[in-house]
Amino acid sequence: MKIFSRARFLSVLTGGGLLLEPNISQAKVAKTPSAVKRKWLTDLSPYGGPWGQSQILHLLRRSLFGVSHDDYRFFAGLDLSKSLNVLLKQSPAAKPPVNAYNTKSFMDPMVPFGQTWINARPDPSDLDEKRTLSLKAWWIGLMINQDRSLTEKMTLFWSNHLATQAHSVVDSRYDYKYVALLRSSALGNFKRLVRDVTTDQAMLLHLNGDLNTASAPNENYGRELQELFTVGKGPDSHYTQGDVEAAARILTGWSDGPTAAPSLVFNPANHDTGDKKFSSFYYNTVIKGRSGPEGAGETDDLIDMIFRQRETAKYFCRKLYRWFIYYDIDEYIEKNVIDPLADVLIENHFEVIPVLRMLLQSEHFFDTQNVGCQIKNPIDLLVGTCRQFQVAFPPSSEINIQYEVWAEMVKQLKLMGMEPDEPLNVAGWPAYSQEPGYYENWINSNTFSVRNSVTDQLSSQRGLPTVNNAIKLDLIRFTDRLSDPSNPDLLISESTTLLSPNVFDARERAFLKSIILPGQLADRNWTELWNRYKADPEDMASYSLILNRLTQYYTYILQRPEYQLA
Amino acid sequence: MKRKTFIKSTLPLAMMPLIQQCFKLRSRESESNGDMDNRVLVLVQLEGGNDGLNTVIPLDQYSTLTDARKNILIPDKSVLLLKNSSITGFHPSMTALQRLYSNQQLAVIQGVGYEDTNLSHFRSTDIWLTGSDAKTILNNGWIGRFLDQKYPDYPKGYPNAKAPYPPAIQVGSVLSTALQGPTVGLGIALTSTSSFYDMTLGTYTKAPDTPAGHELNFLRMLANETLQYTAVLKSAARAQTNLSKLYPMPGTNQLADQLKIVAQLIGGGLKTKVYMVNLQGFDTHGGQVESGNPTKGKHSELLSLLSTAIEAFLDDLHLMGKQDKVLGMTFSEFGRRIKSNASHGTDHGSSGPVFLFGTKMKSGLFGTNPTISATVTVDSNLPMQYDFRSIYANILKGWFGISNSEMAQTLPGISPAALDLFDPRQNQV
Chain A
1 MKIFSRARFL
11 SVLTGGGLLL
21 EPNISQAKVA
31 KTPSAVKRKW
41 LTDLSPYGGP
51 WGQSQILHLL
61 RRSLFGVSHD
71 DYRFFAGLDL
81 SKSLNVLLKQ
91 SPAAKPPVNA
101 YNTKSFMDPM
111 VPFGQTWINA
121 RPDPSDLDEK
131 RTLSLKAWWI
141 GLMINQDRSL
151 TEKMTLFWSN
161 HLATQAHSVV
171 DSRYDYKYVA
181 LLRSSALGNF
191 KRLVRDVTTD
201 QAMLLHLNGD
211 LNTASAPNEN
221 YGRELQELFT
231 VGKGPDSHYT
241 QGDVEAAARI
251 LTGWSDGPTA
261 APSLVFNPAN
271 HDTGDKKFSS
281 FYYNTVIKGR
291 SGPEGAGETD
301 DLIDMIFRQR
311 ETAKYFCRKL
321 YRWFIYYDID
331 EYIEKNVIDP
341 LADVLIENHF
351 EVIPVLRMLL
361 QSEHFFDTQN
371 VGCQIKNPID
381 LLVGTCRQFQ
391 VAFPPSSEIN
401 IQYEVWAEMV
411 KQLKLMGMEP
421 DEPLNVAGWP
431 AYSQEPGYYE
441 NWINSNTFSV
451 RNSVTDQLSS
461 QRGLPTVNNA
471 IKLDLIRFTD
481 RLSDPSNPDL
491 LISESTTLLS
501 PNVFDARERA
511 FLKSIILPGQ
521 LADRNWTELW
531 NRYKADPEDM
541 ASYSLILNRL
551 TQYYTYILQR
561 PEYQLA
Chain B
1 MKRKTFIKST
11 LPLAMMPLIQ
21 QCFKLRSRES
31 ESNGDMDNRV
41 LVLVQLEGGN
51 DGLNTVIPLD
61 QYSTLTDARK
71 NILIPDKSVL
81 LLKNSSITGF
91 HPSMTALQRL
101 YSNQQLAVIQ
111 GVGYEDTNLS
121 HFRSTDIWLT
131 GSDAKTILNN
141 GWIGRFLDQK
151 YPDYPKGYPN
161 AKAPYPPAIQ
171 VGSVLSTALQ
181 GPTVGLGIAL
191 TSTSSFYDMT
201 LGTYTKAPDT
211 PAGHELNFLR
221 MLANETLQYT
231 AVLKSAARAQ
241 TNLSKLYPMP
251 GTNQLADQLK
261 IVAQLIGGGL
271 KTKVYMVNLQ
281 GFDTHGGQVE
291 SGNPTKGKHS
301 ELLSLLSTAI
311 EAFLDDLHLM
321 GKQDKVLGMT
331 FSEFGRRIKS
341 NASHGTDHGS
351 SGPVFLFGTK
361 MKSGLFGTNP
371 TISATVTVDS
381 NLPMQYDFRS
391 IYANILKGWF
401 GISNSEMAQT
411 LPGISPAALD
421 LFDPRQNQV
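Read top to bottom, the protein sequences are chains A and B.
Position 406 of the first sequence, counting from 1, maps to 406 under the working numbering, and the rest follow consecutively.
Position 79 of the second sequence, counting from 1, maps to 79 under the working numbering, and the rest follow consecutively.
The set of hints was computed from the structure by calculation and includes no laboratory data.
Note that CB positions come from ideal geometry on N, CA and C, so glycine has one too.
Warning: the hint list may mix true and false statements.
[Claimed, not checked] Subject to a maximum C-alpha distance of 16 Å in a straight line, what follows is the list of computed EDC-like cross-link-like pairs (lysine to aspartate or glutamate):
| hint | chain 1 | residue 1 | chain 2 | residue 2 |
| --- | --- | --- | --- | --- |
| 1 | B | Lys-135 | A | Asp-456 |
| 2 | B | Lys-156 | A | Asp-196 |
| 3 | A | Lys-319 | A | Glu-508 |
| 4 | A | Lys-534 | A | Asp-480 |
| 5 | A | Lys-233 | A | Asp-539 |
| 6 | A | Lys-319 | A | Asp-339 |
| 7 | B | Lys-70 | B | Asp-209 |
| 8 | B | Lys-296 | B | Asp-37 |
| 9 | B | Lys-397 | B | Asp-76 |
| 10 | A | Lys-37 | B | Asp-209 |
| 11 | B | Lys-206 | A | Glu-508 |
| 12 | A | Lys-177 | A | Asp-147 |
| 13 | B | Lys-397 | B | Asp-116 |
| 14 | B | Lys-360 | B | Asp-420 |
| 15 | B | Lys-206 | A | Glu-408 |
| 16 | A | Lys-39 | B | Asp-209 |
| 17 | A | Lys-411 | A | Glu-398 |
| 18 | B | Lys-245 | B | Asp-315 |
[To be verified] Per the computed footprint, the stretches of chain A lying under chain B, defined by three or more beta-carbons under 8 Å from a beta-carbon of chain B, are:
| hint | stretch |
| --- | --- |
| 19 | 180-193 |
| 20 | 392-404 |
| 21 | 441-449 |
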């Protein structure tokens with residue numbers, strides 16, 4: 001018996017990937033300007049062009065959340081190949097999330113403050129909510145403290161590709177295991193991960209695998225496994241309803257186990273032992289039905305079969321393309337990028353590192369037509385802005401403050417339409433799958449104004465308030481690390497280059513200068529002020545004047561449409 | 001002041017919102033003056049430090065002035081004498097303001113400044129915008145503190161049925177420090193005049209035809225939709241066009257371009273209380289006048305832009321029937337030195353004139369011509385006659401009718417200057 005009956009019932013209704021309409025407010029979505037015609041000359045050949053600031057920043061913007069001065073300086077000393085060696089190194093496992101939610105009015109009866117809750121029973125439900133928020137906050141913390149590695153961006157990629165939703169799983173232990181699985185497999189093997197996720201307990205609950213039995217088959221996971229996770233719905237994907245039913249029959253018998261002892265269970269009594277026949281799309285494969293514990297092995301055979309279908313590799317490469325490059329995949333890209341990339345994936349037995357390396361070191365990746373055209377997702381915007389400006393987050397010795405700050409970020413992300421571990425539906429976030437707008441799904445008049453309000457507050461002198469603290473960008477420190485902040489023209493050109501892939505033209509730079517130097521003042525006014533501040537950083541008068549100017553300057557830049565792009 | 005001591009000394013400020021809460025109910029109840037609720041203030045910031053002595057010219061000081069600033073002094077015959085005055089006149093490019101003065105739509109307050117003028121543009125601008133004295137550092141503005149009391153908890157819950165309009169609007173720049181409240185800015189910025197028309201017309205600057213440009217176009221279009229208050233701004237702009245024929249060609253007078261928008265919004269029914277606009281370029285260290293031709297040059301051009309823009313604005317408001325709702329004020333972060341320099345310019349100085357324009361304040365000349373000593377040195381400055389904050393206090397009290405407790409929150413310790421600016425109409429001209 002389950003104790004989460006009501007929530008589980010809801011998840012049965014909504015968790016099936018049937019809800020493809022975004023439920024975030026779509027106030028006034030403007031009509032997209034007509035599509036762009038592109039002329040391609042680049043493919044997956046290794047990039048051999050100039051290796052300068054714009055190429056480095058392009059690679060890092062797509063690989064990390066924001067690019068700090070330190071990140072840029074680190075990679076400026078490496079060539080492309082060595083940079084990828086660094087970026088393609090998997091980060092080690094992290095310490096699990098802990099109880100930082102105890103207060104005078106709320107005490108976890110099972111888990112002491114500062115200890116991890118990942119093995120504790122998730123009831124009653126208000127306790128589970130605290131832990132789920134703790135998990136989401138912890139995950140944001142991992143992104144903020146990310147290594148110079150693709151690990152975190154790939155973890156998020158997987159959570160979009162093999163989506164579960166914490167609010168539908170309603171068991172924080174499983175949510176943690178799921179996120180930890182995605183993260184430890186971030187730069188691992190696509191096929192292995194699909195196999196693992198298929199019997200992951202969060203996924204079993206999310207897509208009703210636990211309810212799928214021989215006597216009452218449930219096709220939910222069997223369908224999404226094919227439609228969304230592997231062969232997809234491309235023009236050459238021709239799996240049939242019969243294939244869905246056969247897959248569902250193979251997957252019968254799995255369950256997440258009793259609440260008290262949540263070990264994965266395969267119950268042969270619930271397993272359909274008949275033979276399963278697949279369509280010509282799967283080469284008329286017959287997977288022999290097995291009884292007893294051996295029935296579990298059919299699941300491995302199912303995954304093997306699906307991965308023998310070439311569409312799986314192609315579909316996956318398109319997802320990677322939309323995550324790292326751009327959403328619009330035309331015939332040329334399909335033929336010259338996706339197809340050869342799929343070959344690499346298959347040749348390497350679905351290891352993702354060789355594929356990522358080939359893509360990220362390609363001429364096509366560095367094609368100027370592919371620079372600056374991604375609309376940042378909300379996590380990239382918020383975590384990236386904090387990392388870019390090297391926000392001083394509370395130390396790990398103050399976990400309550402640490403989690404409070406991370407939880408505030410979770411709250412703001414929800415308002416912007418991207419709460420961690422809560423993809424919009426089983427297809428992930430519409431920005432990566434929903435035609436024709438794709439990334440533009442992140443932006444409507446509502447979410448854009450939240451984005452502006454968030455960056456306004458981050459760059460304000462008060463900061464973005466949390467319950468007892470604030471998240472504040474250190475604008476002076478960021479500026480101080482430019483090559484010569486006393487020179488207003490250099491300050492503007494260098495800071496805008498770091499902050500946006502789009503070139504600010506002369507008119508825009510003149511406006512930016514009028515913020516730093518109002519009233520058409522001569523450059524030396526700023527130079528003198530900056531030097532006065534540097535000579536005595538403790539002097540309140542010059543500190544405050546510098547901060548006022550920089551606050552207006554960065555607030556304006558962070559609101560710009562240009563800043564929304566990566 | 002050192003930063004650490006500053007943090008301590010500003011602690012009482014942090015408590016301001018609490019104190020304000022106590023007064024809010026009372027001040028709301030006393031707000032019975034519907035007429036005052038519909039009033040508008042337009043602040044015109046002359047950025048860079050305007051040379052007051054070549055703007056409002058003391059003809060009775062010509063012998064000493066000639067010694068002090070021979071290379072830039074306006075010939076006395078060119079000075080535009082003010083109506084009913086034989087000793088005070090305007091720069092010759094200010095014919096429009098001279099007309100407004102004669103028609104009782106302009107007040108000239110001489111010698112406005114503060115004690116211990118700070119000659120840094122940045123610092124002195126902040127002093128004028130925050131309404132602090134020379135020693136205190138504030139990080140919010142006098143208008144922001146005033147409006148914070150009229151719009152409690154802003155921006156939470158705004159716009160709403162009772163307050164559908166932005167409290168303040170900045171045209172042509174980023175949100176000014178003057179509009180910063182204790183926690184957030186009390187208004188919106190239309191960063192350029194073109195951004196206003198983009199928003200109202202739904203147009204945007206087209207980016208190049210690339211994927212990045214495609215996304216940028218999408219974002220620019222959405223940015224138009226996203227500005228809070230877009231709907232009310234659009235409907236105000238739709239309800240009113242500019243009527244005055246006195247506006248110069250668009251793009252030739254940045255101040256007029258901004259004031260045009262202000263007039264259109266006021267005419268269109270927007271009940272925004274404060275607008276801020278600006279005219280840049282007053283930092284005339286060199287080339288303030290043309291060599292050998294002191295009535296021409298940078299300063300002359302700026303004063304002409306200023307005069308033309310204000311006259312057209314008031315004309316526009318008159319044609320819209322809104323002239324009695326609007327008060328304007330010009331100010332600059334400081335004046336300039338009495339003595340000119342060798343490059344036909346002037347360096348940073350102290351006090352200068354403030355202009356008020358409109359139909360409802362008392363017009364005329366306030367204050368006296370400064371006395372220019374025969375022994376002025378490079379460092380000599382004009383004496384202050386009125387503290388700028390006391391003029392602010394006159395406006396808040398006389399124009400907006402704020403209560404004493406609100407005044408205490410906005411400009412603590414400041415009383416209105418002894419000027420009957422808003423008395424029942426008794427013009428001095």
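Results of checking the hints against the structure:
1. The straight-line distance between the Cα atoms of Lys-135 of chain B and Asp-456 of chain A is roughly 29 Å, outside the 16 Å bound, and the hint therefore fails.
2. A C-alpha spacing of about 46 Å is found between Lys-156 of chain B and Asp-196 of chain A, which places the hinted pair above 16 Å, so the restraint is violated.
3. Between Lys-319 of chain A and Glu-508 of chain A the alpha-carbon distance is near 35 Å, which puts this suggested pair outside the 16 Å criterion.
4. For a cut-off of 16 Å, the pair hint linking Lys-534 of chain A to Asp-480 of chain A stands: about 9 Å separates their Cα positions.
5. Between Lys-233 of chain A and Asp-539 of chain A, the direct Cα distance comes to roughly 63 Å. Violation of the 16 Å bound is thereby established for this hinted pair.
6. Taken as a hint, the Lys-319 of chain A and Asp-339 of chain A pair is honoured in the structure, with Cα atoms around 13 Å apart against an allowance of 16 Å.
7. For the hint linking Lys-70 of chain B to Asp-209 of chain B, the alpha-carbon distance of about 57 Å lies beyond 16 Å, and the restraint is violated.
8. The straight-line distance between the Cα atoms of Lys-296 of chain B and Asp-37 of chain B is roughly 43 Å, outside the 16 Å bound, and the hint therefore fails.
9. The hinted pair formed by Lys-397 of chain B and Asp-76 of chain B fails the criterion: a straight-line CA distance of about 38 Å is larger than 16 Å.
10. This hinted pair checks out: Lys-37 of chain A and Asp-209 of chain B have alpha carbons roughly 8 Å apart, not beyond 16 Å.
11. Proximity of Lys-206 of chain B to Glu-508 of chain A is assessed by CA-CA distance (about 14 Å); at most 16 Å being required, the pair is judged to hold.
12. Taking the CA atoms of Lys-177 of chain A and Asp-147 of chain A, the gap is about 21 Å. The hint is violated against a cut of 16 Å.
13. For the suggested pair Lys-397 of chain B and Asp-116 of chain B, the alpha carbons sit about 26 Å apart, so the restraint of at most 16 Å is broken.
14. Of the pairs offered as hints, the one joining Lys-360 of chain B and Asp-420 of chain B holds, with about 12 Å between alpha carbons and a cut-off of 16 Å not exceeded.
15. This hinted pair does not check out: Lys-206 of chain B and Glu-408 of chain A have alpha carbons roughly 36 Å apart, beyond 16 Å.
16. Taking the CA atoms of Lys-39 of chain A and Asp-209 of chain B, the gap is near 12 Å; set against the 16 Å cutoff, the hint holds.
17. Under the criterion of a C-alpha separation no larger than 16 Å, the hint pairing Lys-411 of chain A with Glu-398 of chain A is inconsistent with the structure, at around 20 Å.
18. With a C-alpha separation of about 9 Å, the suggested pairing of Lys-245 of chain B with Asp-315 of chain B holds against the 16 Å cut-off.
19. With 0 residues having a Cβ less than 8 Å from any Cβ of chain B, the stretch 180-193 of chain A misses the three-residue criterion, and the hint is violated.
20. Given as covered by chain B, the stretch 392-404 of chain A fails the check, having 0 residues with a CB less than 8 Å from a CB of that chain where 3 are the minimum.
21. For a cut-off of 8 Å, the count of residues in the stretch 441-449 of chain A with a CB near a CB of chain B stands at 5, and the three-residue condition holds.
Checked against the numbered hints above, the structure breaks hints 1, 2, 3, 5, 7, 8, 9, 12, 13, 15, 17, 19 and 20 and satisfies the rest.
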